[in-house]
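Visitor: Assemble the complex: chain A is given as a structure, and chain B must be docked to it using the hints.
In order, the protein sequence lines correspond to chains A and B. With our numbering applied, the first sequence corresponds to residues 1 to 272, in that order. With our numbering applied, the second sequence corresponds to residues 1 to 653, in that order.
None of these hints come from the bench; they were simulated from the model. Be aware that one or more of the hints could be misleading.
Computed beta-carbon distance windows for the label pairs [unchecked claim]:
no. : chain 1 : residue 1 : chain 2 : residue 2 : range
1   : B       : G301      : A       : P55       : 51 to 57 Å
2   : A       : G57       : B       : D539      : 35 to 41 Å
3   : B       : Q154      : A       : S41       : 53 to 59 Å
4   : A       : P55       : B       : A139      : 25 to 31 Å
5   : A       : E203      : B       : Q412      : 32 to 38 Å
6   : B       : A103      : A       : L123      : 38 to 44 Å
7   : A       : D255      : B       : R529      : 26 to 32 Å
8   : A       : F219      : B       : D609      : 57 to 63 Å
9   : A       : A133      : B       : M297      : 35 to 41 Å
If you want the footprint, here are the derived chain A segments under chain B, 3+ residues with CB under 8 Å [said to hold, decoys possible]:
no. : stretch
10  : 141-154
11  : 157-168
The structure presented is a predicted model; accordingly, all values stated were derived computationally and were not measured. All C-beta atoms in this analysis are idealised placements derived from N, C-alpha and C, irrespective of residue type, glycine included.
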Amino acid sequence: MQSAAESVAAVSRTGKIGGVLLQIEHVSLTFGGVKALTDVSFDVREHEIRAIIGPNGAGKSSLLNVINGVYTPVGGTINYRGQVRERMHPHDAARTGIARTFQSLALFKGMSVLDNIMTGRTLRMRSGLLAVALHIGPAAREEIEHRKVVEQIIDFLEIQAYRRQPVGSLPYGLQKRVDLGRALALEPQLLLLDEPMAGMNLEEKQDMCRFILDVNDEFGTTIVLIEHDMGVVMDISDRVVVLDYGCKIGDGTPDEVRTNQEVINAYLGVAH
Amino acid sequence: MTQEAMAPETADTFPRLLLWHERTRPNHPALREKDLGIWQTWTWSDLAAEVRLLAAALHQLGLAHGGHVAIIGENRPRLYAAMLASQSLGAIPVPMYQDATAAQMIYVFQDAQIEYAIVEDQEQVDKLLEVREQYPALAHIIFEEPRGLRHYDQPGLLSFDDLRLRGAELAAKSPGFFDEQVAGTASRDTAALFYTSGTTGRPKGVVQTHAALIDRARAATAFDRLGPDEDVLAYLPLAWIGQNIFSYAQALYTGYTVNCPESPATVANDMREIGPTYYFAPPRVFEGMLTQVMIRMEDAGQIKRALFGHFMEVGRRVGGRILDRKPVSRAMRLWYWLGNALVYGPLRNQLGLSRVKVAYTAGEAIGPDLFAFYRSLGVNLKQLYGSTETAVFVCMQPDGQVRADSVGPPLQGVELQIADNGEVLVRSPGLLKEYHRNRDATAQVRDADGWFHTGDAGMLEGDGHLRIIDRVVDVGRLADGTLFAPKYIENKLKFFPQIKEAVAFGDGHPSVCAFVNIDLEAVGNWAERTGLAYAGYVDLAGKPEVLDLVAGCVDKVNADLAADPVLANSQIHRFLVLHKELDPDDDELTRTRKVRRRFIARKYEALVDALYAGRESQYIETEVRFEDGRVGKVAATLALRAAKTYAPVAQVA
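Extracted from the complex, chain A is given alone in its bound form (with noise of 0.2 Å):
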C-alpha cells in the first residue's frame, strides 16, 4: 500500500484541505443512565479524511449516528456548513449532502447492482410516480441522465462485471464496494464510513483504501471514518479523532496520535 505514488497523493492533499466543514460541540448522548457520548467535541475541515477511532464500545458508531441525525443528543450542538443545530434530522443530512455506509450492509440484496445504486439517487429524482411509471418525456430523460451518473460510479469502483448481477450473489468485499456505490450516488460533500474494510482481506482492504482516496481526490469529498485497522488509519488519513468510554482522549495527526500517552493505555491497557 505505502508505495511511492501514494506518498505523493499524500503530500499534496494537505495542500488543499479548507475550512471548517462540521463542528461537535460538547456533544453528550445518553441511553437512560448509559452515557455513549460525554462531551465531545471535534471538527471536520472541507476535502481530509478523518478518522474516528478507539476500542470497542468507544462510541465511534453513536457519534456517527449523531452527525447524520439518527441519535439525538442531550447536549451540545452541531454546526454544519455554517448553521448551528441541537440536533440533525437524517432527511437534512442527507438533503445537505451527508452519505454514509453501513457496518453492517444496508443493500437490497435481490436487486441488481445498477438498481442498488441508483437507489442512491432517489433524493434527486424529481417526476412523479404516474410519469415515471410511465416512462414519459422528462422522466425518461431524467432516468437518463441519473443512469449517467450510476454508470460513471460503476465505472469508478471498477464494477461493470457485475451490473446486472443479484447483489446477495456477490462476494461480501464487492457489496461493500456496491454500498460505497450507493453513498456516491447521493453525490455528497460528507461521507461517512461505518468501517469499510471490516471483514475484508488484505486484497480488498488495499483495493477499498485506493477507493477512498479516490473518492477523496476526484471529487473532493470530506470523509469520516471508523476503522479498526490501524495500518489503514494511519495510512489515509489526514487526522484522527480518539474516543474511549464516550470521551474524547486524542486529537491530531496519524503521528500525534500514535505518540499520545493516553492513546496507548486505552489501546493497551494501563496498570491501576
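Guide: Using the frame of chain A, we list chain B on its own:
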C-alpha cells in the same frame, strides 16, 4: 465485399490505409469502445481526426522518424490512434504487455531505446516511473485515464487531453502537416517492433515492416473473403502479434470494425453483445469457454443434461461434416437441425459465437476433442500456423479441409520446406526484417537463402498440409530411444477441464513423469458438489480425493497413448499435483502462458528427482511473487503417485 472495396496497392503503409478509409468509408465504424455501459463508435473519419491531432502533438514533443514509442495498456481506441500517429511520423510503436512488471519492462526500454511511452492508466504510469529510475532516457509519459494521477507532478508526464490540445494548435496552424508526414512514410520502413515472449532467454525485438504486415493482412483477408462489415473483438494484449494483426493490420487493410471491451472482466458479456463475425483466440481461450460450459452443465437439471449429452453426441458425429459440406443422411441432417434449435444455437449465442463466419486458433496445438466440440456446434473454427517472425500467416486451413492434427497448406506467397532435423523452414513476404540490434540472432534464424528457421518440428502430409509436432528443441528421446513429444502429452492432459496446466518430463529418462496444475474453478466446483471441504488452492491440490480425480485423467491419457503406435511408450508412469499455480510472475509460464519446461525442471528439481526415485512424498518450499512485487513462500508436502499404464495396443509394423 466486392473487390473494389479493397484498399489499392498504393495504400502501402498503415497511415495511408487510414487516409484511404477516411476517404472511401468516412462514416463506417472503425472502432467501438464500451464506455459507461454504452458502445461508443469511432468512425473512420473520427479516427483519422484523432490521429491527425495526436501526430501533430507528438511531433511537437519532438518525436521523429525512427523514434520508438512504447504503447502499454488494454485495447483502447486511443492507443490504436497513438500507434497510427507514431507511424505517420515514421516513428515505431512498440506494443508491450500491460501486465509485465517494471523489472521486466526495463529491458525492452533499454533495448529499443524508447523515449516516449503512451499508456492507459495510473498502474502503468507507476511502473514507468519505476522504470525511469533506472532508465532516465524515458522522457515523455502520456496517459489516457487521468484518474489517480491528478497530483503527479513528475517532469514529462502529460495527459492525453493536454496532448490533444497541443496538437490542435499545430494542426490549425498548418493543416497540410499530417498529409505531408504520411506522404513521407514508406512501405519498407519499420511499422512496429514486437518483443517475443521468449520461451528461451531474453526477449527479442522483431522488426516488422509496413510491407510485410500489410502483405500478410491482404493474403489472409482474400483467403477467407473478408469484407469491411466484419466485427472483431480485441481483448488480448496488443503486444501479441496475433491480436495486433487481427485488430490492427487486418482491420486497417480491410476496413472492418474493431470492438474494445469495457474491462477484462466483462469480455464474455461484451462478446455476447457484439457477436463478432471474425474471431481469433489461442486454444486456452476456447478451453476456458468449454470449461465454463461444462461446469454450468454439471449444475443443470436432468432434462437439460440429457438433451445436451445427446445432441453433443449427434454434433460430434455430423456437425463437422455438415460444416465441411460433406454428404450426411437426410435423417441426421434433420436431427442436427433440431439440435441446432435446442442446443447448438442457444449455446453459440451464450458464448457470443452466433455470428462467427470464421474463427481461428493458433499459438499452441489444440486438443482434438476441444477442436471438434466447437465445430460440432457449427462454429467454423479453423487452425492457422505462424509466429511473430512471420507476421502470423504461414499456413491456414481452407474451408472443407479442416483437420485437428494439421494446420493447413501454405498460404499464398509462402514457401515451405522441412529440414533434415524435422524443422519447418519458411520463406514468405511476411518474414521479419531483423531482430532489433541483434545481428547474431537474426543470422541464426534466417539463412543465406532467406529461409526462416521456425524452431518447430513438423512434417508435410501427402495433401500438402503441414503438421506440427512440437518445438524442435523439446522433442526428446526416452532412455530407450523412443520418441518423446512433451507438448503432445501435456495437451492431452490439459483437455480435461479439471487440469489447467501440465508439464511432462522424460527426455533422457527411462519413463515419462508429469506435474499437474488443477483448475481451481472446475475442481473447486466439483469439491463443492461432492461435499469436500477445502481452505484454498494449496489445501485443495493436496487432497487425496483430488489426486484420485487427477489419476483418473492420467489413466485415460495413458489408454489413449497406448493406442498410438509411435507414442505408446511415452505413457505417464508417475505424476504429482503441484501446490501452486504456475504463473508468469514467477517466470514459470511465458506471458502468453506457455510452460517453460526447462525452467520448471530446474526450479522444482527436488520434485522431478523424487518422481523418478519412486518416493511416496516430497517436501517443497517455493518462492512466489505477488502482483505488487512482494515475495512470499509457499510450502507443502506433496504426495507422488504412480499411474496405471497399458500395454501398447498396436505395435509399429
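Visitor: Taking the hints in turn, state whether each one holds.
Guide: Consistency of the hints with the structure:
1. B/G301 x A/P55: 51 to 57 Å: For A/P55 against B/G301, whose Cβ atoms are near 52 Å apart, the range 51 to 57 Å holds.
2. A/G57 x B/D539: 35 to 41 Å: holds, 37 Å
3. B/Q154 x A/S41: 53 to 59 Å: At 41 Å between Cβs, range violated.
4. A/P55 x B/A139: 25 to 31 Å: For B/A139 against A/P55, whose Cβ atoms are near 52 Å apart, the range 25 to 31 Å is violated.
5. A/E203 x B/Q412: 32 to 38 Å: violated, 50 Å
6. B/A103 x A/L123: 38 to 44 Å: violated, 49 Å
7. A/D255 x B/R529: 26 to 32 Å: Hint violated: Cβ distance 53 Å, outside 26 to 32 Å.
8. A/F219 x B/D609: 57 to 63 Å: Once the Cβ atoms are compared, 58 Å apart, the range 57 to 63 Å for B/D609 and A/F219 holds.
9. A/A133 x B/M297: 35 to 41 Å: holds, 40 Å
10. 141-154: Check passed, 4 qualifying residues.
11. 157-168: Coverage by chain B holds here, the residue count being 4 at a Cβ distance below 8 Å.
Checked against the numbered hints above, the structure breaks hints 3, 4, 5, 6, 7 and satisfies the rest.
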